[in-house]
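First to last, the sequence lines map onto chains A and B. Take 1 as the starting number for the first sequence in the working numbering and just add one per residue. Take 1 as the starting number for the second sequence in the working numbering and just add one per residue.
Please note that the accuracy of each hint is not assured.
Unchecked claim - Below, simulated DMTMM-like cross-link-like pairs (lysine to aspartate or glutamate); rule was C-alpha separation at most 20 angstroms, straight line:
#1 A:163 x A:86
#2 A:154 x A:110
#3 A:97 x B:213
#4 B:36 x B:174
#5 A:97 x B:7
#6 A:163 x A:199
As the list claims (entries may be wrong) - Sample of chain A residues with no beta-carbon within 10 angstroms of chain B, all distances over it, derived:
#7 3
#8 21
#9 44
#10 57
#11 58
#12 73
#13 138
#14 167
#15 184
#16 211
#17 230
By construction, these hints were calculated from the structure, which means they are not laboratory data. Nothing here was measured: the structure is a model prediction, and the numbers come from that model. All residues carry an ideal CB built from backbone N, CA and C; glycine is no exception.
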Amino acid sequence: MTDLLKLSGVHTHIGRYHILQGIDLTVPQGQTTMLLGRNGAGKTTTLRTIMGLWQASKGEISLAGMRIDSRATPDIALLGVGYVPESMAVFSDLTVKENLVLAARDGPLDDAQLDWIFGFFPALRRFWLSRAGSLSGGQKQMLSIARAIIEPRKLLLIDEPTKGLAPAIVMALIECLKEIKRKGATILLVEQNFFAARELGDNVLVMDNGTIVHRGEMAALAADVPLQERLLGLSLEAHQ
Amino acid sequence: MMILSGDPPRSRVLTLVLVLIILALAATPFLFPGAKALNVAAKICVFAALVASYDLLLGYTGSVSFAHTMFYGIGSYAIAIALYGMGPNWAAVATGIVVGLPLAALLALAIGLFSLRVAAIFFAMITLAVASAFQVLASQLSWLTGGEDGRSFQLPELLRPGTVLISKNLFGFEVNGRILTYYLVFAISAVMILALLRVVNSPFGRVLQAIRENRFRAEALGFRTVFHLTYANCLAALVAASAGILNALWLRYAGPDTSLSFSIMLDILLMVVIGGMGTIYGAIIGATIFILAQNYLQSLMGVASKAASEAGLPLLPGLLHPDRWLLWLGLLFIASVYFFPTGVVGRLRNRGGDKSAGTSH
Chain A
1 MTDLLKLSGV HTHIGRYHIL QGIDLTVPQG QTTMLLGRNG AGKTTTLRTI MGLWQASKGE
61 ISLAGMRIDS RATPDIALLG VGYVPESMAV FSDLTVKENL VLAARDGPLD DAQLDWIFGF
121 FPALRRFWLS RAGSLSGGQK QMLSIARAII EPRKLLLIDE PTKGLAPAIV MALIECLKEI
181 KRKGATILLV EQNFFAAREL GDNVLVMDNG TIVHRGEMAA LAADVPLQER LLGLSLEAHQ
Chain B
1 MMILSGDPPR SRVLTLVLVL IILALAATPF LFPGAKALNV AAKICVFAAL VASYDLLLGY
61 TGSVSFAHTM FYGIGSYAIA IALYGMGPNW AAVATGIVVG LPLAALLALA IGLFSLRVAA
121 IFFAMITLAV ASAFQVLASQ LSWLTGGEDG RSFQLPELLR PGTVLISKNL FGFEVNGRIL
181 TYYLVFAISA VMILALLRVV NSPFGRVLQA IRENRFRAEA LGFRTVFHLT YANCLAALVA
241 ASAGILNALW LRYAGPDTSL SFSIMLDILL MVVIGGMGTI YGAIIGATIF ILAQNYLQSL
301 MGVASKAASE AGLPLLPGLL HPDRWLLWLG LLFIASVYFF PTGVVGRLRN RGGDKSAGTS
361 H
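Please construct the entire structure, taking both the sequences and the accompanying hints into account.
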């Protein structure tokens, strides 16, 4: 299995704060890698650094063997990296349709792809011409994910997609992400919901204080309660 | 619908108001005789286009620029200097256009590339500094610009008031070069507003709206935001310079007070806010309300003050004295911002239910 994304000794400073302190990680092609950790561990900063939204102060980031750490965010996006930020990041003044058209940079929307997305998120069809700002939280998150998958991407960076969503919507999101996985997508997924992480992850990376403190298979972590408690301060049983 | 680029006013009242304004402007030379009415109508046309171009920047990208009057001034001075230097002929008009528009676009490009990379406040500060420098430059280069006196010039024969195109005997009213100039101003302003409507409703316009809302999110989708913002800045500058050309042609004069003054910049800001940001239509409404108030509020107050005085009412004659018209203009704007925080267009559209839900793609 080749590694699509590789970070070697990545440091990121935000102002005077040293957030990422030498991150080494790989994301294998065609697999879903979970990035777990307590609040403030540096998970979101890792995704933002990969995306070029924060500049790495040291270290190397490569995508399919190509250095991307000195590239601008739009260039990284154009290389095929889709980013779903946390907090239901839609363009609220634009309609659902306009949000998706904006993300489909290669031209008009692909009807087959759109129907596939509507299969998971029927609300998007219903509110097609409504302003994204008028959608509910769950619908906004659906739109945010739909925007990232409206076109094929080499790599998807998804930040806490289930945060603040109702259980029924979380299940729909998990099913959608599973389907995206089945289609062969490579995903780096930040998640606090351990149940979702277990359902989706092939591999797992656990962060603490800006470093990776554990790496391995998701199934192994899911089966090891003492390890979960040591690394994350919680167990899967407690979370269910 | 094609002509409006698929973006109709979306409110019956707004449509009615816009149609009334456009019809009144189109018929001004025949409906409202006299130089003042024609001057006011021409100013509304020019400012509607100028304010619409500023709306492209402020309303659609969220960039606050103080250099808009500079571009307006570049257009005005280019045509004035060309007609003053080369004489009243069409070659001079063409020279003014060929020099003025690219100069405005180049300057906008330079300002954009230099300052749109950084935070919005720096862009505002840099445009303020450049505009101030340009104002001083225009004043200092008096051999070229006429300094504080500005430049008066003559128009080509066809556009002069003395040129009679249709005599009074034919239809009962005379069409002369002045009226032809007015329709030139009216038509070109209309074309520019429709072109801006097309721009904001194009995929490029959607990207601008996305940038306004969240620049980083737009970059994460692969949009080079500096390019988009700079392009919008250049387009706005081109329209502002064109409005400046029209204004100079109408006034047959370009000077610091009519083309470069910061009070014009404040007027533009007020017109955008009153009309409604990010709507383009707001420019027409804002310019009409503001310019009508600027020109007729004083006389209206005079009539009201006299009436109150004759009726023997206390206080009112003094409060409505024509000398206090600026105070009332100020209060009018405070009230309009208070009661129409999203502008007149925003308010009317919200009443009509903006962007209703659709059922299928």
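Consistency of the hints with the structure:
no. : hint          : result
1   : A:163 x A:86  : holds (8 angstroms)
2   : A:154 x A:110 : holds (18 angstroms)
3   : A:97 x B:213  : holds (17 angstroms)
4   : B:36 x B:174  : holds (17 angstroms)
5   : A:97 x B:7    : holds (15 angstroms)
6   : A:163 x A:199 : holds (16 angstroms)
7   : 3             : holds (22 angstroms)
8   : 21            : holds (24 angstroms)
9   : 44            : holds (13 angstroms)
10  : 57            : holds (19 angstroms)
11  : 58            : holds (22 angstroms)
12  : 73            : violated (4 angstroms)
13  : 138           : holds (17 angstroms)
14  : 167           : holds (26 angstroms)
15  : 184           : holds (21 angstroms)
16  : 211           : holds (25 angstroms)
17  : 230           : holds (34 angstroms)
Of the numbered hints stated above, the single one contradicted by the structure is hint 12.
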